[in-house]
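For the sequence shown, UniProt numbering begins at 1 and goes up steadily by one.
It is worth saying that the hints were derived from the structure and are not from the lab. For every residue, glycine included, the Cβ atom is placed at its ideal position computed from N, Cα and C. Do not rely on the hints blindly, as some may be mistaken.
To be verified - Calculated lysine-lysine pairs in the DSSO-like style (CA-CA distance at most 27 Å, straight line):
hint	residue 1	residue 2
1	594	650
2	168	178
3	368	498
4	640	591
5	368	485
Claimed, not checked - The following label-pair restraints were derived from C-beta to C-beta distances:
hint	residue 1	residue 2	range
6	213	332	30 to 38 Å
7	235	125	50 to 58 Å
8	363	51	44 to 52 Å
9	323	611	25 to 33 Å
10	446	235	46 to 54 Å
11	672	7	19 to 27 Å
12	323	193	56 to 64 Å
13	235	413	30 to 38 Å
14	182	363	46 to 54 Å
15	33	189	23 to 31 Å
16	53	527	33 to 41 Å
17	119	50	50 to 58 Å
18	446	329	46 to 54 Å
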Amino acid sequence: SLYVSEYFSQSAQKLSFYSWYGNAKLFHFHVPEDTVLLRWLLQASRGKGPECTSMEITVHFRHGAPPVINPLGTRFPANATVRPSYNISITLSGAVQNTTFVNVTTPAAGDWFIAAHLPQAAGRIEVKGFSTPCPYMFQADMFVLRLTDMPVLEPGVPMPHTVVSPAKPLHVKVFVPKHAAGMRFQLSSCITSEQRACTVRVLLGSITLPQSFQRSLTCTGSINCSLTLDSPPWEKWLQIMVESLGTANASVSVEMLASFTVCRPGSTSSFLNFISLNQSQAGGRPGAAGSSAPAAGEAAHNASGQQSSCLQSQPVVREDLDVVSVRYRLLNGPSVPVSSLSPTLLLLNLNTGMDSGGSLVVNLLLNKTSVSLANATVAACVSAASPVLSLNTTRNCSTAFSQGYPLSVSTSSAEATLIVLYPQTDDWFLSLQLLCPRGQGECTSAKAKVTVFTYLTPCFNDCGPYGQCSLLRRHGYLYAGCSCKAGWGGWSCTDDTKAQSVGTQNLATLLLTLSNLMFLPAIAVAVYRFYLVEASVYTYTMFFSTFYHACDQPGVAVMCIMDYDTLQYCDFLGSVVSIWVTILCMARLKKILKYVLFVLGTLLIAMSLQLDRRGVWNMMGPCLFALVIMVTAWVHHGAKRRHCYPSSWKRWVFYLLPGITLAFIAISVYAFMETNENYYYTHSIWHVLVACSVAFLLPPRDKHKKPWAWSQKLTCRYQICQNDREELYAVT
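Taking the hints into account, I'd like the entire structure generated from these sequences.
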């Protein structure tokens, strides 16, 4: 046999600490057909700085769809199917780089996914630029070894083959036709080159992760051995590997035979499907009534053949609505007839390659009036690749190489829902059959009607009221995940273990909004001292900070007066400009120079915030530049007056030192103490401290200006005027 090796690589990704599925970095590969060996090369590395410590990286694997993971141990939504993913851990301790190999023999062809992430996030809010996070990088490469001329085992035709040695197993494949109810594999005439009885092991099927249902058969001697498979995967190549368990120098000759049991489906004819599709899409049209006679004839012919068929297939139309959003519509109406003679089958097409990033929802509703037997049950199975053709309590919805998901409805429990998270890329089947507790003979003539609602959605229930459904992308592949808020967690934000109560949410909103009212004393001081431009800036900041935090709340206590992005930008702009104008006001510059710097600085701050809204230098840059201007102006004033400026010790003790202390405490709280849990009160403290520091730091008014004399401004009848010239010419 001729082996060909192929290599696939993807660019490295920077890992993140895990808080929701969007933090996991996804890698998407496609394994070609006839692959006999798959090797993953996993490379993890970290930076060399002192901030880099030992770290454990978790890597998850899955075939057919992204892995369903739960690193935080949260609850999944009710009725959701969860099977643990296959994962390994890679530790970065003393070494800067770690290389790990993962081998998979006879892997299943198709899509394979790898997801990698760091441990749970600490929840600390870090200001961009204050600290340098350690970069942890991860890269996955794939090596495959495949056969270019894998022998084909034809059904019903015995095929002799030779296993050269135990180190070189024999690989063959057989194609499973559609409607195959069972497969029987038989191995005979097993003899070694030394004319002795041989021992071989046969492996049927491919390995899939996280669960593998590969079937094994050990044959000893020349006695025929066989293996029967129920519901093999339809319209797929099935790999068969035969390896010798004998001595290393002896070759083994075997003869293999594969045969299938085909299920004869009974369903409405294609002509009836075509008529139903036209009528459902276009409604009644002239001339449509003329087709009722042949349709009725074919329906009678189809009803007569239902007794001899092993399944009843119902036509289903796939209707694509949006990205990872599909609705399945039954042509014969939402209700399907279910009997005990043969299962009713619905085909759900999820093999486009872009459907595995959502959630498949199947809802069954039993019409109680349609069931003649009160204790009868409608059993259902949702399975991939092949349907379950015999539903009972002992089989548990299993097929040859997969495990399905069971459902049941009865008169006592008329509704059932199933949620399949990230369904694998394949043809999915829904099988329904009527079961009776005393045996199938009891309900031979009984029938039931079940209403079926099936759809594919990006996020189940749109992540609920406390979550946001986000569409994620890895190259050209799209998948969805829920980002939870207000303490809620879980795959669909249904876990309320750490959820905030409504009272806590209202308290958080009130603290973050009403704490901005502490700017009122600063505004009053600015107006009293004739700093009207500064007072306008503080009013702007107070207004937009109040309504930004009212719109930024994660829970139900939310109020947005305009677009969220606009409110956020105006809040950030007002905060930085308030610091800018306060420090320049303390510098005691000439009015024309001060106002020029006001306008020029505001324009530059607006530009920098547009480039990087959360960068630390957007705040630190204007602060440092304004401090340089202030110190230069104070040195100039002190040199001109030949004493320290400000000259009054009371100004230093009662105003400047308290204001500077409050400002430093506010910066420390903002930069080092905020976390996701304490944000609502630490950030409120930041509001209070900054507003109070502004009130202390504003300089006194100019000596030549008098305070607001409201009694003189609001006079009536006449106004007393003062003539300044009389003082100039006064004789003393």
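Here is how each hint holds up against the structure:
no., hint, result
1, 594 to 650, "26 Å, holds"
2, 168 to 178, "32 Å, violated"
3, 368 to 498, "40 Å, violated"
4, 640 to 591, "19 Å, holds"
5, 368 to 485, "41 Å, violated"
6, 213 to 332: 30 to 38 Å, "34 Å, holds"
7, 235 to 125: 50 to 58 Å, "53 Å, holds"
8, 363 to 51: 44 to 52 Å, "50 Å, holds"
9, 323 to 611: 25 to 33 Å, "30 Å, holds"
10, 446 to 235: 46 to 54 Å, "33 Å, violated"
11, 672 to 7: 19 to 27 Å, "47 Å, violated"
12, 323 to 193: 56 to 64 Å, "59 Å, holds"
13, 235 to 413: 30 to 38 Å, "35 Å, holds"
14, 182 to 363: 46 to 54 Å, "31 Å, violated"
15, 33 to 189: 23 to 31 Å, "29 Å, holds"
16, 53 to 527: 33 to 41 Å, "52 Å, violated"
17, 119 to 50: 50 to 58 Å, "20 Å, violated"
18, 446 to 329: 46 to 54 Å, "27 Å, violated"
Hint compliance for this structure: hints 2, 3, 5, 10, 11, 14, 16, 17 and 18 are not met, and every other hint is.
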